[in-house]
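With the hints as constraints, model all of the structure from the sequences given.
Residue 1 is where the sequence shown starts when you use our numbering, and the numbers rise one by one after that.
Just so you know, these hints were derived from the structure itself, not from any lab.
Errors might be hidden in some of the hints.
[What the hints assert, rightly or not] In the SDA-like style, the derived pairs of lysine to any residue whose C-alpha atoms are separated by at most 25 angstroms in a straight line are:
#1 K74 / F30
#2 K74 / C124
#3 K74 / Q98
#4 K74 / H52
#5 K74 / P126
#6 K74 / I28
#7 K74 / M63
#8 K74 / P46
#9 K74 / E106
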Amino acid sequence: MTQTHARRPDGISTLTPYLTVRDAPAAISFYQRAFGAQEQQRIPGPDGRLLHARLRVGDSVLMMTEEFPEFGGKSPAALGGSPVSLHLYFDDVDAAWQRAVAAGCEVTMPLADTFWGDRFGALCDPFGHQWSLASHVRDMTTEEIIAAAAELDFSAGCGAKE
1 MTQTHARRPD
11 GISTLTPYLT
21 VRDAPAAISF
31 YQRAFGAQEQ
41 QRIPGPDGRL
51 LHARLRVGDS
61 VLMMTEEFPE
71 FGGKSPAALG
81 GSPVSLHLYF
91 DDVDAAWQRA
101 VAAGCEVTMP
111 LADTFWGDRF
121 GALCDPFGHQ
131 WSLASHVRDM
141 TTEEIIAAAA
151 ELDFSAGCGA
161 KE
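Following this line, the structure appears as structure tokens:
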């Protein structure tokens, strides 16, 4: 049998995050306010819960579904958190940061210039998902990053030795 269609839908990358949330309509609205997401698709289930949504954030796609615990689909709220972080690059991370915090994200690591060449900070959204926001501010070799990392002092949290 000859394939006549693409193996991946147009505009979808090889790796696409797929989030499970409680109250998907509220999450869609939040991601629009916090990260400038644009809704591309919304498919409701027969019971009214969201089966699938597709959002565009910058040049990437983010998919999501409502919690379906009866099928094993649990949100970070049901699991007590998430070990996964979604990383976003912005041309102006300071403006993106202010928008995300104003929309309701909780700061977990303050926005700062980092030893690896990015201006970077970490947030948690109201749905329990972790996000890191960054702008690349300088190019560094792997060797330079390793040398800078060796100077870190974790005894006082994030930061470099004085």
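Please name the hints from earlier in the document that this structure breaks, with their numbers sorted from lowest to highest.
3
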